[in-house]
Every structure is written in C-alpha cells, then in structure tokens.
Amino acid sequence: MKDPHMTERVLTIALAGNPNSGKTTIFNTLTGTRQKVGNWPGVTVEKKEGLIEYRGQTLKIVDLPGTYSLTPFSIEEIVARNFILDDHPDVVIDIIDASNLERSLYLATQLRELDCKVVFALNMMDVATARGAKIDVAKLSELLDVPVVQTVGNRQKGIDDLLAAAVDLAHSNKPVPQKRKVRYNPEVEKAIEALQQDLAAQLRGILPYHPRWTAIKLIENDTIVQERVAAVAGEKGAAVFETARRQREHLADRFNDEPEIITTDERYGFISGIVKEVLTTSIRQRIDISRNIDLVLTNRIVGLPIFFFFIWAMFQLTFTLGAYPQDWIEAGFGLLASAMGYLLPEGLLKELVLDGIIQGVGTVAVFLPNILILFFCIALFEDTGYMARAAFLMDKIMHLVGLHGKSFIPMLMGFGCNVPAIMATRTLESQTDRILTILITPFMSCSAKLPVYIILAGAFFGAKAGTVIFIIYLTGIVFSIATGRLFRSTLFRGADAPFVMELPPYRVPMFKSLMIHMWDRSKIFIKRMGGVILIGSMVVWALASFPRPAEIHERHAAEAARIEARFEERAAGADIPRPELEAQRDTALSELDRRTQAEQAEQSLLGRLGHGMAPFFAPIGVDWRGGIALLSGFVAKEIVVSTLGVLYAVSDDESTDQALQHALRASGMTGLSAMAMMVFVLLYLPCVATVAAIRRETGSVRWMLFSVVYSTGMAWLMAFTVYQGGRIVGLG
Amino acid sequence: MSVRLSEVKQGHSAVIERVGGSGALRRRILEMGMLKGVRVHVEKYAPLKDPIELIVRGMHVSLRVEEAAEIIVDDIQ
Ligand SMILES: Nc1nc2c(ncn2[C@@H]2O[C@H](COP(=O)(O)OP(=O)(O)O)[C@@H](O)[C@H]2O)c(=O)[nH]1
Ligand SMILES: [Mg+2]
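Protein chains in written order, with our numbering: chain A, 2 to 733; chain B, 39 to 115.
Check the hints yourself; a few may be wrong.
Listed next, the stretches of chain B that the computed footprint assigns to chain A, with coverage defined by at least 3 CB atoms under 8 Å from CB atoms of chain A [stated by the list, open to error]:
1. 60-70
2. 81-91
3. 98-108
Keep in mind the hints are simulated off the structure, nothing from the lab.
The beta carbon of each residue, even a glycine, is placed where N, CA and C say it ideally should be.
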C-alpha cells in the first residue's frame, strides 16, 4: 500500500566510495544532465547533486567526495562524514570496487559503524571477473547485513536494481542493524564498553551520535567528535573525557601503540575474515594491462618526454584547433557590432553597446573555444587515469615548491588562461594544496598578457624583444615558485599532505562523462561572461565615458564642421581631383576623432583616477596614461593595449601596433620603464574573470582579497626595484 | 634483517614490520592497507627517483621516498 505522505518527502541518497571506484559514472547515470555542481559550504571541495523522479517520488542524489576512509584527516573525509552525521541522508550507497575488495571494504566497515542505512554497489564487476575473482554476493550481504547490488557503471548495468534497493531500504522500517559490525579484540571492546557506559550515564539523551560509535571515536582521539561532545556536554563532559583518556592510556600501554592504530589494524583483520569467506580467486593470473602501459608511460627514460609531449599536444590542440572557432566568434562579434552600429542611433546607448558591452565581452568570449578544449583534455587525463601518472612524474619537482605533483597541470594551464587553470585545481585532493596552487597560478603569464609584452618589448627592445619576453615569462615562473615556498613556510606551515596516491588502472573513458565533465566547467565560464565580465565591461566603459565635458564635444563638432567646410570650398576650387580631397578630409576627420577620444578619456573618471594615481605609478616609471591602461586591464589583460591606443590617439588602421609603438617611444618612456611596466603587468592583479574564479574556487572572499593585494603589492615592489634599480645602475 | 622500505630495490618485495612516523601520514599509510605482515612489491621509482610506486594488496600506490623511509620491512625477496 502506498503511503500518501511518503511520496511528498524528498528522499536523500548519498553516494560514498573510494576515488576511482566509479562514483562519478554512477552519479552521471543516475542524474543525467540534471545535476548541480557547487561547492560544499566554506570549503573548496566540489559538491554535486541532482534531483530525479523515481516511482513517483523525488530523490535527491548527493555525490560525496571520494575517500578511502572516514577518519577526519582531509577536508574530503570531514565533508563526507559530516554530511552523513548531520544531514542524515535516508540511504548511503557505498560504491565498492569489486576488483579491489579488501581496500574498498575499509570505508564500508566505517560506514557500517556509523548509524546510517547502507546499500553496497559492487561496481567494476566486469573487471573483477576478468581478473578471475569470484565474489559470493549473498554471503557478503549476509556477513555485513547489508543489501548488495552488482553493477557495471560504465555500461549502465545494475543501476536500476541499485536504485530500487536504495529506495526500498529507505522505506523499510527495519532499524539499522547493530550486529555484524566490526568487533574489536576483547581489550578494546572492554574499553569501548566502559566509555559507552560513562557516556550513557552522564550524557543520556543529549548525545548527538550513537553511543558506541561516539565511544570508539573518543578512544581514537577524534578531535571533531571531541568538540561536538564537549559542545553538548558542558561540565559533564569532563568526566567522560577523563574516562576516555584513561582508556586510551590503558590501551596504549597494553598494545604499545596508539589506540587508533590498533582499531585500524583490527578493522583490516575483520575485513580479511570477510574477504576469505566471499572471495575466491582463480590461480590464473591475468596480465595486468595497466602495468604494461606504465612500463612506457612512467618509464625512467621516456616517461617524462612523453608527458611533455602530451602537454605540448594539449596546448597545440587548444591554440590551433581553437583558432578556428575563435575566428568565428570574433567575426560574430564584429557582425554584431556593425549591426548594432547600424541599428542604434548615435549617442550614449550606442557607445555603451559597442565600446562597452560588445568590446568587453567580445575580448573574453574569444577564449571560450580554448577553454572548452583545455577542459576536454583535462577530463581525458583524469578519466583515463593518466592524471595520477602525471603527478607521479612531476611530484619530485613540485615538491621542491612545497606542492603536490598534481599541481603541475593547473599551473601549466595558467600560461593559457588562468580561469580554467584555477578551476582545474579541483583535481587536487588537499585543500591546502588547492589554495596554494590557486594563489600562485596567476603568476604564470597568461596568453592575454602576451599582446602587451609584444607592444612594449617591440617598441623598446627591437631585435631583443623575444629574449625580453622570455625573461618576463621566466620571472613569472620563478616568482610563483618563490611565492609557493614563502607561503609554505608561513601561511601553510606544517607537514605537506602525505603523498599516498593510488595509481588507478588505465581505463577507456566514456564519451558522455568526458562531455559532462567539460561542460560542467565551461558552463561556469559562460555564466561568468554574462555576469561579472558584462558588468565589469560596462563599469569600465562608464568610467571612461563620464563625465562628458560639453566643451570637448562642442569643439569636436565645430572642428568637424570646419573640415567639411574647407573640403567643400576646395572641391569647388577644383584644381585637385575630388577623390584625393575626400581622402584628405577623411584622414583629418579620423585624426580629429582620435584626438577627441583621447581628450575625453583624459577628462573622464578613469582619466582622473589615472591622474590621481600618478603618484602610485610614477615610482615605477609609468605615466598616467599607462596607469589608466593598467587599470582598464582589470576587465581583460588585452584591453591594456587597446586603451593605450585610445590614450595615445593612434590611428585605427593596419599599423596600429607600429603607430602605438612610435607614440610610446615619443612619450618619454624608456626601455627601463617599459621593462618595469611589463613586470607590473606580469604580476599585478588578475583580470576580473580570474578574480571571480579565485573567489569561487577558494570559497572565500578573504583569499580573493589576499590574492589581489599580494599580487598587486608584489607587482609594484618588483617594478619599483627594476625601475629604480635600473636608474641607479644608470640604465634608461 | 630489517631495512627501510626506501632502501628496497626496484623489482623486489618485502614484508612490512612496522610503520613509523606520526599523525596523518602514518594513519593514511595504514588505512591504505599497508599493515604489519603485508607484503609490498617495489614496482618502480619515478624518473626523478622520487616517488616510489608500490603494489600492495593488488593495488598500485605511490609514496614519497621520505615517507617510505618510515616503513620498516623485512624478508626481502
Ligand atoms: N570496467 C569498468 N569501468 C568502470 C566501471 N565504472 C566506472 N568505470 C570507469 O572507471 C573510471 C573511473 O570512474 P569515475 O566514475 O570517474 O570514478 P570516481 O573517481 O569514483 O568518480 C572511468 O573511466 C569509468 O568509465 C565499471 O563498472 N567497470
Ligand atoms: Mg569522480
């Protein structure tokens, strides 16, 4: 009989499991494209959830972070455990890698110890079978008193049964079985019992969690549980903690090791008992294909060259293949601009749309193809299992900076665009590594900064421009390494996250999950274009366009009228051919337009800001025009060049770059001040899209502000050193 | 004769006698199933000689050399 109330309640089903057990695959199969990707509150761990309809009921599927255990050491483990403890999901599905039963059961036994309803998905059954392993599913289910469903995630097998089992369990009134959990050896059990009695006596009714579990955790010295108990217990806590301390001491004495080590050992003992009963492996050992692949890919001699080749190929693909759609997007925006120019009447609105919105969003939108391709490559690296090998190969080098091998790829992506690079830090497991990588990635000089270097180095260093640009890139790398080391020894002191990393078997990736992977991340970029970047472009436009002194525009109109009049007059005189006169008139008019624009820019808020900040920029050899250009670079770094173009009133034709370079040389800038400005561009605050990415991925406004202040402060200091140092030495 | 796991040559295997070190690292190593009495195979060293790839309970795991030095092993084959 159907209970009418039941259909109204949303059932929450959480997916738990080891990394690489197929969790994401099963989550994607269950939710399809109806998934929401966000972050767990306050931390940088990715949270995925999706609502689905099942048998007329709404189910909320939550993907918990992949973990090997529920010991609250890493943020992932804390997040996963807290969700189960505090949000009380109706059912937890534990995805077990059947081809790696023993290790998978460690998390499973911990889940069984928690007071929640659990279903096992015995995934990777195909792999297990291929390896000659036979698993007695009924026996496993009986031994742990848990429903067990066999699945093959990448072929969508068994998923319906899994969902049915989970929903049935959620609806059943059967309490969570208390037997068939881990039994520890008699000494440990005695300690647990004693503490449990104390807990019951002192804190009956107010204990947030199951007493036995609480007792075990207190004996294991679990700080989170200690805090929670202390919070509810008040004064009565003291007696309990005293008992826990005594029991810990007693056990430590008895076994000559920490109690939490003993319980880990005992759990594995319990597990090997189960494995002995349910698993039979035929003697025939299959060849391990992954192992053979690794003979090449992590080979001592060719491993690194192959890795660098893959990286090179990734960038090649990104920039060559990406160039085509990039051209289309550029053309599209061009078309849009001319259509708008045609449709909209002269005036402010037209300027806003053309110079503000289309120009601003357009310069960022052209990166979309590159970003899609980069994310696709990253998804490919991750889903095949190569990412772990990349970390294995690069760890030695990255460890020198105090980082994990996996930080290498995000940092490298920073040379392309910082936004995907920062989002790619999600592949890192440790929160500290992730934040540190996010903080130092912006110093990898992104491709949008290159046009700025090309103009400046080209103008002042001639044939040596290439070398100068190379030095700038190198400075960025050295600076990020130095920053990494500095932060490691100050902000993020303490031991590095242990590098105990699984090298999962290579697998053929599923196209669908690659697509979902790529799309999830690109979507964020696209949303940002419609949000932060759109607003940012409009703000910069407004700052550059207001106030509009009437006098400038009147003078413009008068001057334009004078040119027209002169043209008519000379045309009437008719001793010069008319087309030639027309050409002269047009040159004069566009010259006038540029002068007016430059005047307007100087008088605008942005111009005043530039003038106002002149004392800030002067010590680094940048004049007010350079200052304004740098400020406008906040929208996107390429805009620095176009702003300089406007301010120096250079013509709009083919040779803009040369004209601008000429104007820069004429303006009193020197090689030294150009160098200082390049150093500043290299290091100073990232563009708005990157700042938004930092905010999102660190989950904290504070880290975002820190990054902005640190990078800008350092940029100034470095540029100052270059400029003033150079002057002292007598350069420039 | 007991030695550190980091001293075991590529292609050899040994039985874990004791996992030293402290805190998160030690716990993590144990939780990955590297317990006393378990045989580990040293599959290879990374091209830059660090980290090490091990095979434990049929699973490939990598550890840094300094971390492997905390694991005391015996019975090298
Ligand atoms: N052979 C096989 N491969 C699977 C199975 N389930 C998932 N995979 C593959 O295993 C890899 C890792 O899966 P993923 O869902 O990303 O694992 P997660 O780390 O737990 O999220 C992917 O390449 C999947 O296609 C399965 O049952 N059998
Ligand atoms: Mg996953």
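Hints and how they fare:
1. With 10 residues having a Cβ less than 8 Å from any Cβ of chain A, the region 60-70 of chain B passes the three-residue criterion, so the hint holds.
2. For the region 81-91 of chain B, the proposed coverage by chain A is satisfied: 10 residues have a C-beta within less than 8 Å of a C-beta in that chain, meeting the threshold of three.
3. Given as covered by chain A, the region 98-108 of chain B passes the check, having 6 residues with a CB less than 8 Å from a CB of that chain where 3 are the minimum.
The structure agrees with every numbered hint stated previously.
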